[in-house]
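Listed below are the residues making up each chain.
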Amino acid sequence: MNTMPDDKWLAEMTLELRLRDVPGPVIGDALAAVETHCADAGQSAVEAFGDPRQYARSLTLPTHRPAATFASRVGLVGPIAAGMTGAFLLPPLVRALHGGGVTAAVSWGEVLCLGLAGVLVWLALQLLRPLLENWLAGVVFFGGGVVALALLPRLVPATAFALPPWLVALTCLVLLGVSVVGQRKAAQRWGDPIIDPRIPSQRPTVPGWASQWLFVLVALALGLLELVPLLWS
Amino acid sequence: MAVGSWPSEWLRGVLSLAVLRALADGPTYGYALATALEEAGFGTIKGGTLYPLLSRLEAAALVQTEWRAGDGGPGRKYFLLTAAGRAELTAQADLWAAFARHTTRFIAKKEL
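Sequence lines, in order, name chains A and B.
Per my numbering, residue 295 is the first one in the first sequence, and the count goes up by one each step.
Per my numbering, residue 216 is the first one in the second sequence, and the count goes up by one each step.
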């Protein structure tokens, strides 16, 4: 612990404050205070402030839970739901294109998979703190979730519905597009960026491209996972 | 006993009052405050002790903060005593003096 690098220390402090619902600008202020004190004192963060989580807990700071309006719920959940559905459409599309089929069949297992993934994401957000603090609980939850999601399509292969591949492809593109644009808009509108008070003119950074394009990446991964065994066999 | 080697529990108890008094001299930033208190004999005060205390004082509206740009360097967070903070300092200082007199008298008694 005595050799924890400052950026890791600050990241742990940030996480603890985010879990306490401290507003972004207040987090930025607290982080900047630590950095400037360490620079003045010529000490590392761990030398001057001790354990980052304990330090974050010892601060008396305002907290807020922004009121969830219907618009904000739709604005935040909509793009995620669209992205997940779009990503889950890719394996059936890959199968249809590879097999030259007239229709792309979506199995009940895949439908259940999508439902389960939604439940797991919701659960993870409710249980965020215990999952992050207890590594075993986190491993069991995420590991178990991934295994269940991988097994479901194989356990229930019966077809739920079938659509022309072009329609599935178009739907997939539209849903993924909605997820990318929608997440960016949601972040700009309801995001709570951390602002460094030392650079007041700095535009708060929109969350990195990785989080906005997350479902596109998931879709590509699922598509590849479907394609590779098909090419192999 | 040399100044600065007082028991840490005493120093912890009086730190809040000492910080209010130090801020009465004018706005200052965290590291300068810690240095001033150390030079006044209150021992080494780490950031992990000082800033939580300052955050409590700010939450109680006894202290306010502002970021000031440095000359050519990065900005620093300055702490200023509010009017309520000055009133609290006066009240606590009187209370402390009475407490110290009371304790000294009690310790000095030949018989309880």
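Honestly, the hints are just simulated from the structure, not real lab data.
Glycine included, C-beta positions come from ideal geometry on N, C-alpha and C.
Honestly, I wouldn't trust all of these hints.
What the hints assert, rightly or not - Pair ranges (Cβ atoms, derived):
hint	chain 1	residue 1	chain 2	residue 2	range
1	A	Ala365	B	Pro222	37 to 43 angstroms
2	B	Ser220	A	Gly336	36 to 42 angstroms
3	B	Trp311	A	Pro360	31 to 37 angstroms
4	A	Met298	B	Trp221	27 to 33 angstroms
5	B	Gly256	A	Pro356	31 to 37 angstroms
6	B	Val229	A	Pro360	39 to 45 angstroms
7	B	Ala306	A	Val415	50 to 56 angstroms
8	A	Gly369	B	Trp311	51 to 57 angstroms
9	A	Leu313	B	Val229	29 to 35 angstroms
10	A	Leu313	B	Thr318	40 to 46 angstroms
11	B	Thr305	A	Glu329	52 to 58 angstroms
12	A	Trp429	B	Ala306	32 to 38 angstroms
13	B	Pro222	A	Phe364	57 to 63 angstroms
Evaluated hints:
Distance hint for Ala365 (chain A) and Pro222 (chain B): a CB-CB separation of about 58 angstroms, inconsistent with the stated range 37 to 43 angstroms. Distance hint for Ser220 (chain B) and Gly336 (chain A): a CB-CB separation of about 24 angstroms, inconsistent with the stated range 36 to 42 angstroms. Range check, Trp311 (chain B) to Pro360 (chain A): Cβ separation about 43 angstroms, and the 31 to 37 angstroms hint is violated. A hinted range of 27 to 33 angstroms holds for the C-beta pair Met298 (chain A) and Trp221 (chain B), which are about 31 angstroms apart.
Distance hint for Gly256 (chain B) and Pro356 (chain A): a CB-CB separation of about 35 angstroms, consistent with the stated range 31 to 37 angstroms. Between Val229 (chain B) and Pro360 (chain A) the CB atoms are about 40 angstroms apart, so this pair conforms to the stated range of 39 to 45 angstroms. At roughly 53 angstroms, the beta-carbon separation of Ala306 (chain B) and Val415 (chain A) lies within the given 50 to 56 angstroms, and the hint holds. Gly369 (chain A) and Trp311 (chain B) have their C-beta atoms about 54 angstroms apart, which keeps the hinted 51 to 57 angstroms range intact.
In this structure the hint that Leu313 (chain A) and Val229 (chain B) lie 29 to 35 angstroms apart at CB holds, the actual value being about 33 angstroms. Between Leu313 (chain A) and Thr318 (chain B) the C-beta distance comes to about 43 angstroms, which sits within the given range of 40 to 46 angstroms. Roughly 35 angstroms separates the CB atoms of Thr305 (chain B) and Glu329 (chain A), a value that falls outside the hinted 52 to 58 angstroms. Separated by about 49 angstroms at the C-beta atoms, Trp429 (chain A) and Ala306 (chain B) break the suggested range of 32 to 38 angstroms.
About 59 angstroms separates the C-beta atoms of Pro222 (chain B) and Phe364 (chain A), a value consistent with the hinted range of 57 to 63 angstroms.
Against the hints set out earlier in the document, violations occur for numbers 1, 2, 3, 11 and 12.
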